[in-house]
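So you can see what is in the structure, the chains are spelled out below.
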Amino acid sequence: MDRLTSNLLDEAIGFDDPTKPSPLIGRLLLVEDCVETSGAFVLHHLLKRALSSRHASNAVIFIAFSQSFVHYDRVLRKLGCNLAAQRDSGRFVFFDMLTLGCSDRSGKETDEGVLVGLYCKIQRAVNALIQENKRHVTIVIDDIPLLEVAANGSINHVLDFLHYCHTLTSEIGFSIIALNHEDVYMDIERPLILQMEYLADVLIKVGPLATGIAKDVHGQLTVLNKPVEGLQDKLRNRVHNFHFYIKENGTEFFYSGSRA
Amino acid sequence: MVAQDFPILFSNCGAKLFRNSRLESVKSLPIMAESICRALRDGALPGELAPALTIKDSINSPFGFNAFAHVLAQLSSNILAGKSHSRGLVLLAFSRSPAYYVELLKKRGLNVGSSTKWIQILDCYTDPLGWKERFMEGEKISNVDQEVSNLSHLCTNVRDMDKLFSSIITLGKGFVGEGTVRFCVAVDSVTDMLRHSSTSALAGLLSGLRSNDSVSSTFWLVHEDLHEGKVIAALEYMSSIVATVEALTPSPYMRTSNLENSYLEHSSTKGRFHVRIKRRNGRVRVICEDFIVEPSGMKFTSISSEDAVINQGLIPKVQFNLQLSEKERNDRARVVLPFEHQGNGKPIQIYDGRRSLTESKDDNTPLITSEKGNDEGSGKGEIVYFRDSDDEMPDSDEDPDDDLDI
Chain S
1 MDRLTSNLLD
11 EAIGFDDPTK
21 PSPLIGRLLL
31 VEDCVETSGA
41 FVLHHLLKRA
51 LSSRHASNAV
61 IFIAFSQSFV
71 HYDRVLRKLG
81 CNLAAQRDSG
91 RFVFFDMLTL
101 GCSDRSGKET
111 DEGVLVGLYC
121 KIQRAVNALI
131 QENKRHVTIV
141 IDDIPLLEVA
151 ANGSINHVLD
161 FLHYCHTLTS
171 EIGFSIIALN
181 HEDVYMDIER
191 PLILQMEYLA
201 DVLIKVGPLA
211 TGIAKDVHGQ
221 LTVLNKPVEG
231 LQDKLRNRVH
241 NFHFYIKENG
251 TEFFYSGSRA
Chain W
1 MVAQDFPILF
11 SNCGAKLFRN
21 SRLESVKSLP
31 IMAESICRAL
41 RDGALPGELA
51 PALTIKDSIN
61 SPFGFNAFAH
71 VLAQLSSNIL
81 AGKSHSRGLV
91 LLAFSRSPAY
101 YVELLKKRGL
111 NVGSSTKWIQ
121 ILDCYTDPLG
131 WKERFMEGEK
141 ISNVDQEVSN
151 LSHLCTNVRD
161 MDKLFSSIIT
171 LGKGFVGEGT
181 VRFCVAVDSV
191 TDMLRHSSTS
201 ALAGLLSGLR
211 SNDSVSSTFW
221 LVHEDLHEGK
231 VIAALEYMSS
241 IVATVEALTP
251 SPYMRTSNLE
261 NSYLEHSSTK
271 GRFHVRIKRR
281 NGRVRVICED
291 FIVEPSGMKF
301 TSISSEDAVI
311 NQGLIPKVQF
321 NLQLSEKERN
331 DRARVVLPFE
341 HQGNGKPIQI
351 YDGRRSLTES
361 KDDNTPLITS
371 EKGNDEGSGK
381 GEIVYFRDSD
391 DEMPDSDEDP
401 DDDLDI
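Protein sequence lines correspond, in order, to chains S and W.
Once you know that position 83 of the first sequence is 83 in this note's numbering, the rest is easy, because the numbers rise by one and skip nothing.
Once you know that position 87 of the second sequence is 87 in this note's numbering, the rest is easy, because the numbers rise by one and skip nothing.
No lab work stands behind these hints: they were computed from the structure.
None of the values given here were measured: they were computed from a predicted structure.
For each residue, glycine too, the CB sits at the ideal point set by N, CA and C.
One should not assume that every hint holds.
[Stated by the list, open to error] If you want the ones that stay clear, here's a sample from chain S, every Cβ over 12 Å from chain W, calculated:
#1 LYS48
#2 ARG54
#3 ASN58
#4 SER66
#5 ARG77
#6 GLY80
#7 ASN82
#8 ALA85
#9 THR99
#10 GLN123
#11 PRO145
#12 GLY153
#13 PRO191
#14 GLU197
#15 THR251
[Unchecked claim] With beta-carbon atoms standing in for the labels, derived distance ranges:
#16 LEU248/W - SER6/S: 31 to 37 Å
#17 ILE303/W - ARG74/S: 44 to 50 Å
#18 LYS230/W - SER6/S: 44 to 50 Å
Start from the sequences and build out the full structure, keeping to the hints where you can.
Below, the structure written as C-alpha cells:
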C-alpha cells in the first residue's frame, strides 16, 4: 500500500507525481456537495491517501461533527485502511464532536467559547504531533454547517475559527480539508459559502449528473485549482470536470462518455 | 480587410499615417497599472487628502490579491529607490501572514531586511482575536524566523479600531528620515476588517488615515460580492482610484451553470482590469486593460487588438463578408449597367425631335450626321424624324384629343 494508483481526482488535485511533496501542503481544500449527491466519498478518498502514505511524518486530525468514529472506521476498512490501528499509532487524531460538542454546551460557555475551546484542543494536538516530528498534518472538518450549529449559528465565529485553522497552514505547512453543503446556504447566507471559496485553494464541487439520473454514473465532479506561485503550470487555475461511480471499495472516476 | 484599407487611405497623407502609428504605440503600452502606481507614489499635496486606491474583485475573477501584490511590489520598489513621496510602508496583514509578504517581496527582488527599515507589518493575521494569547500561555510554537519577527508587530484585538489606528500611526512614525516623514498604508483585506467592525468604524479609520498629515497614500483590497452595495459605495467614495478585476470568460464558480453545463477544461488566468481615476478637478477617467496572472506576477496588456477592431467597426461578426475591398469597389464601378448610354468616345447627344431654326442655323452638324446615318442605310435601325413645320408643337403633356367632341 505504499503507492496508490492515481486516478482522475488525484491528477486534478496534483497528487499524480509521487516524487513531489503533497500538493496540499499549506493549502485549503474545500469540498462542496448538495443533498442529491453526498461528497463524503471525496473526504474518505483523501483521508485514505493521507494515511496510506509511507512518510512517517504524515498525520491526520479529524474533526467529526456528522458521524461517529465507528462509521469512518467501517468505511475506511472497506477502502483498505485501518483507522483504529492508525489511531493507536498516533497518526490519526479523532475529535468526536457529536458527544464532545454537547457536553461543552451544557456549561456556561458562550457560542464563541465552544469554538475557542475546540481550537485550543486542536492546537494542543498539533503541538503534540510536532513534538513527535509529524510535520505533514492534515486537518479534516466534516462538516462546516454542523460546525456552525455548534457555534449557535454564528457565521462570524465559524469564519474566525476557520481563520485560526488557516493560520496553521501558513505557519506550519498544514493542509485543511473541509466539507460544505452548498444548498444549505441559499441567497441570504451566500457570504459564508463565498468566504469559504475565497479562502479555499482547491475547490471540489460534487453534484448530480446534469443530464439526469443514470445507472452507470453517480454524479459529476468539478475540481478547480487556484493559481499559486510555484504550482505546476498545468494545474494553474484549471477546471477539471469528470464523472464518478461509487463502488463498495472505492470510487471510479472517468471522463464523460469514456466509460465502456 | 481593414488592414488592406488603411495603407491606401494613408498613402495620400504621410503625416496622418505617422501620427496614427504613434498613437497606436502609446496605446499598446500598459500605461494604466503604471499610472496607478505613479499616483500612489507621488502622494498628496500639502493640505489635501491622500490618494486612495480601492482594488475590488469578485469570485468570478478572484485575482484581486494578485493586483494588490503587484501594486505593493511596485510601490515598494519606488520607496526603496527613493523616488517616492513616502519613506516607508505600513502593511495591515489580515489575510496573509507576515512571513508570506516577506517571501513575496523577496521574490520580486526587493531588499526587505535592509538596514533602513522601510516596511512595517501590523500582523492582524496570526491572532486577530487573541485566542492564542488567551489559551496558549507559554505553549507558543514559534516557527517564525528572526527577519520576519523584526518587521511584524502582533495585533491581538482587531475589533478595537482606535487602537488599530494609533498603532498604524506609531509604526509609521518609526521610519527614520529627515523632515516630515511620510508613509503609505496598505490594507490587504478590508473584507476581513468589516467582519470584525461596523462600516462606519472602518470608514472612520480609513478617512482618518487619508486626512493624516504623515500618510502619503493608501490602498486596500475588498471582495465586492461579500458586501452590500452601500458598503462598496462608501469605500468608493473614499477613494480617488477604483480598480476592478473582472473576468473575461464565464467563470467556473458560477453556480447556476456549473453543474448543468459541463465545462471544457480550460485555463482562465486572464481577466480585465478596469480603472476609474478621479482627478482633482472632478474629471473622471476610465480605462481598461487586460491582464494575465503568471507565476512571476501580473502582466498587463492593452485590450487585445481583435476586440479593438470590433469596437472600431461595430460590424457584427458574420460568416459572410459585408465589406468591399478596394479592388472589389473598383470592379463594381466598372460594371456597365443595361440601357446606360455608352458614348463610345463621341460626345453623347440625345435628339429630342425638336430643332428650332436658330439652332439649325448655328449648328448644322447633328442634322448632317443624322442625314448621313440615313444614307448609310437603314440597317442600323435608326429612326430619323423631321418636324414638318415649326407650327407643330413639341410633345407636351397636353392631350392632343382634348378638343374632340364625341
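Cross-check of the supplied hints:
Every beta carbon of chain W lies more than 12 Å from that of LYS48/S, the smallest distance being close to 25 Å; the non-interface claim holds. At the 12 Å boundary, the C-beta of ARG54/S stays outside the reach of chain W, the nearest C-beta of that chain being 25 Å off. No Cβ of chain W approaches the Cβ of ASN58/S within 12 Å, the least distance being about 19 Å, so the stated non-interface status holds. The beta carbon of SER66/S is kept farther than 12 Å from every beta carbon of chain W, the shortest such distance being approximately 22 Å.
Every beta carbon of chain W lies more than 12 Å from that of ARG77/S, the smallest distance being close to 31 Å; the non-interface claim holds. Distance check on GLY80/S: its Cβ is at least 30 Å (rounded) from any Cβ of chain W, clearing the 12 Å threshold; non-interface status holds. The beta carbon of ASN82/S is kept farther than 12 Å from every beta carbon of chain W, the shortest such distance being approximately 30 Å. Every Cβ of chain W is farther than 12 Å from the Cβ of ALA85/S; the closest lies at roughly 28 Å, confirming the non-interface assignment.
With a least beta-carbon separation of about 22 Å from chain W, THR99/S lies farther than 12 Å from that chain, consistent with its non-interface assignment. For GLN123/S, the condition that its CB be more than 12 Å from all CB atoms of chain W is violated, with the nearest at approximately 6 Å. Every Cβ of chain W is farther than 12 Å from the Cβ of PRO145/S; the closest lies at roughly 17 Å, confirming the non-interface assignment. Consistency note on GLY153/S: stated as away from chain W, and its beta-carbon is indeed over 12 Å from all of that chain's, at 16 Å minimum.
Listed as a non-interface residue, PRO191/S fails to keep its Cβ farther than 12 Å from every Cβ of chain W; the least gap is roughly 5 Å. With a minimum CB-CB distance of about 6 Å to chain W, GLU197/S fails to clear the 12 Å threshold, and the non-interface call is violated. Non-interface call for THR251/S relative to chain W: holds, since the shortest CB-CB distance, roughly 18 Å, exceeds 12 Å. Distance hint for LEU248/W and SER6/S: a CB-CB separation of about 32 Å, consistent with the stated range 31 to 37 Å.
Restraint check, ILE303/W to ARG74/S: a C-beta distance of roughly 57 Å breaks the suggested window 44 to 50 Å. For LYS230/W paired with SER6/S, a C-beta distance near 49 Å keeps the hint of 44 to 50 Å intact.
Comparing the model with each numbered hint stated earlier shows that hints 10, 13, 14, 17 do not hold.
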